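Undergrad: Here's the letter readout for the chains.
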Amino acid sequence: DAGVTQSPTHLIKTRGQHVTLRCSPISGHKSVSWYQQVLGQGPQFIFQYYEKEERGRGNFPDRFSARQFPNYSSELNVNALLLGDSALYLCASSSRGENTGELFFGEGSRLTVL
Amino acid sequence: SQKIEQNSEALNIQEGKTATLTCNYTNYSPAYLQWYRQDPGRGPVFLLLIRENEKEKRKERLKVTFDTTLKQSLFHITASQPADSATYLCALGARRGGKLIFGQGTELSVKP
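Chains as they are written, first to last, in the working numbering: chain Z, 13 to 126; chain Y, 947 to 1058.
Hints were generated in silico from the structure; no laboratory data involved.
All of these numbers come straight from a predicted model, not from anything done at the bench.
Heads up, a few of these hints could be off.
[As the list claims (entries may be wrong)] With a straight-line cut-off of 27 Å between C-alpha atoms, the simulated BS3-like cross-links for lysine-lysine are:
#	chain 1	residue 1	chain 2	residue 2
1	Y	Lys1017	Y	Lys963
2	Z	Lys42	Y	Lys1045
3	Z	Lys64	Y	Lys1045
Chain Y extracted, bound-state conformation (with noise of 0.2 Å):
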């Protein structure tokens, strides 16, 4: 069956460090990744999307990769901030309808 795994414990990092976070995939074949933010209590945020004919997209200091052939995405934040403090969730999407899979999460915490 398709699964999907993102770090399973939580990363801590200091402000002004890069975090990175993991999103691996098996069985499956997504033409779109997504990640998305939630803060505690609250919906999900979009963050990004990328295509599976791209490698690498960028929105000021978020940068995403994707690799269809390790079936493995990589979430950067670049000079992290306390108020990047959240949980982060991949999510895949294929060709066709609107259902989206989800990963368990990441939650990031940022210290000053």
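Chain Z with its partners taken away, still in its complex shape (with noise of 0.2 Å):
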């Protein structure tokens, strides 16, 4: 079975312009989560979707937005992007809505902003 896969895995992009990442759960998991994580320091929740509905929100600004479609895959969206942006994207599925199992990630894309 496939696990998380993500796309794309590397891209580069200049200060003001937007990216939008891609996230493809395991198949049969209904809870998507985004976390970003800067060299050296340990993922930072972004936000995590369930059966669709937005199920919680980290303390990132408004430029960071997201969604759930039908097939649970999911899109996260950074507007006027800031060199402080750059970081590896990280896409985790899991079954349950809740913190009583696992989280399986994808290996991330790395956004490099110049």
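Quick one: dock chain against chain with the hints and give me the complex.
TA: Here is the structure:
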């Protein structure tokens, strides 16, 4: 079975641009979460979606938005990119909306903002 | 604010020894604590989950303890191997919701 897939794997943008990152969860998983991981730090929670509804939002500006589609795939959008948005963006899926089980992470999308 | 601290310095040990990693937290009462392994350029991989009412959990060469009084978790890898070299992340979760709060990770290097 395929794991969590993310695209693109790497991308380079310039300040002020917009980016869309995509995630396909493991088949049967209805929860998708997004995390930002800056080099040398642990992942930081951005959003969680469960059954297409937002279940949680981290301490990120409104430039960050996300949505989940009927097939449970998800998009993370970041507008007006800043240099500080350079990071590894991780998507994780789980079968439940709660913290009662493991998260399955994708390999991430490495965003570089110049 | 909530804070999680893991061994800030890299941990270097000899093959066959037991590696012990520490995760301390403040201003938080997690219902669950998870440990993940992360290799360079890869996504984290789940290792173990322990609940607030559990003191210890084992899986093969891995052992996790959870002391809610000390607000600390210890992660042990026995009979360590060079293949265990990676960054290990602890993460805390509340009783409700799917948000995990991660520590900064501890880099473990096992030398042959």
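Undergrad: Would you mind marking each hint as holding or not holding in the structure?
TA: Results of checking the hints against the structure:
1. Y:Lys1017 / Y:Lys963: holds (26 Å)
2. Z:Lys42 / Y:Lys1045: Holds, because 15 Å separates the two Cα atoms, which is no more than 27 Å.
3. Z:Lys64 / Y:Lys1045: holds (16 Å)
Hint violations for this structure: none, all hints satisfied.
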